[in-house]
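Take a look at the letters that make up each chain.
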Amino acid sequence: MESIKLEGTPKTPTVEFSANNGVLLLKGRSIPENSIEFYKPLINWIEDYSASAPSETVLNVQLEYFNTSSSKCLLDIFKRLERAGDAVTINWYYEEDDEDMLEAGEDYDAIIDIPFKMIEVEEI
Amino acid sequence: MAYEAINGNKFVTYKNKLSEKFNIFDYYSDMEKNNILLSFKGTITDDLISAIIELIENKLELKNESSRIKKKVFNILVECLQNLYHHNEDYNQQNGHDMSVMVVIKKNGTGYSIVTGNLIQDVKIESFKSKLNKINSLDKEGLKQLYKTVLTDGEYSDTGGAGLGLIDIGRKSSNPLEYGFIPFNENYSFFSLNVKINQ
Chain A
118 MESIKLEGTP KTPTVEFSAN NGVLLLKGRS IPENSIEFYK PLINWIEDYS ASAPSETVLN
178 VQLEYFNTSS SKCLLDIFKR LERAGDAVTI NWYYEEDDED MLEAGEDYDA IIDIPFKMIE
238 VEEI
Chain B
867 MAYEAINGNK FVTYKNKLSE KFNIFDYYSD MEKNNILLSF KGTITDDLIS AIIELIENKL
927 ELKNESSRIK KKVFNILVEC LQNLYHHNED YNQQNGHDMS VMVVIKKNGT GYSIVTGNLI
987 QDVKIESFKS KLNKINSLDK EGLKQLYKTV LTDGEYSDTG GAGLGLIDIG RKSSNPLEYG
1047 FIPFNENYSF FSLNVKINQ
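Top line first, the protein sequences correspond to chains A and B. All the letters of the first sequence, read from the start, carry residue numbers 118 to 241 under the numbering used here. All the letters of the second sequence, read from the start, carry residue numbers 867 to 1065 under the numbering used here.
The shape of chain A in the complex, shown without the other chains (with noise of 0.2 Å):
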């Protein structure tokens, strides 16, 4: 599988989803108008990765602000996540102060069936 590597900008994250090592990781700002145009890859890569049976896989999602037109993108992605199997880990940074973060951690973390590690930290 062909790795996805994208350059953060102001109105999107950081992205490195590698099947090599397992590590895939979603940073900073996910804010765009279109997130689904945005995520459509991301969510493709991820049923592909999926599909392919990868023994550990760990997820880091350290995101400084995200959208509620992300929000359902970022469910998608741990929704197929999910069929990985049960080596899977989502990490979810939030900075100390940022409770509404850590919040959405919660949610996602009792909707979806993958064990979410809360981690705070001071700045993402």
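Just so you know, these hints were derived from the structure itself, not from any lab. Some hints here could point you the wrong way.
[To be verified] For the chain A half of the interface with chain B, some residues (derived, Cβ under 7 Å), not all of them: (1) E124; (2) T185; (3) D215; (4) D224; (5) I228; (6) I231; (7) P232.
Keep in mind that this is a model prediction, so the values were computed, not measured. For glycine and all other residues, C-beta sits at the position ideal for the given N, C-alpha and C.
Use these hints to put chain B onto chain A, whose structure you have.
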């Protein structure tokens, strides 16, 4: 001399003329008095959204606001602007011309207010009102549940917003959403929304 002209009758006449119509100094003073950080009337584009959020981020930085308030204002502002962006498309498509929306960001004693105004089709008012009233009737836990329900029920609006925007705004603001509808023409009303963020 130009200086005399300013102090002479010409200026007085000019000033009187202005005050009959529009006095920019009054407008300026009014904005100062109300602590307006930004006021915009026009068509919202994606580039403009980028510019506005960058501007406000810088202003909040200069005011040394806490990271908590900066994040809240940023998040809510993005949702408000993108709501305007998507809903305005609807009006433009129907009428084939650009219609202005308004955004005002102001600081007050208790925190910040993000106020928006845009035209909305009269036929949509009732469903809009019931959405807003529902949000206002729920407490923190209720809003969390509603958010999760709408997030997972899979229904997408054409703009991809999944109807989550207003719920998210209500949730992050932790204040009731103040709103109003003023009749504009035979099919449209002016919808105003005031979102308060406590310091």
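Going down the list of hints, with the structure as the test:
| no. | hint | verdict |
| --- | --- | --- |
| 1 | E124 | violated, 16 Å |
| 2 | T185 | holds, 4 Å |
| 3 | D215 | holds, 6 Å |
| 4 | D224 | holds, 6 Å |
| 5 | I228 | holds, 6 Å |
| 6 | I231 | violated, 15 Å |
| 7 | P232 | violated, 18 Å |
In terms of the numbered hints stated before, the structure departs from hints 1, 6, 7, listed from lowest to highest.
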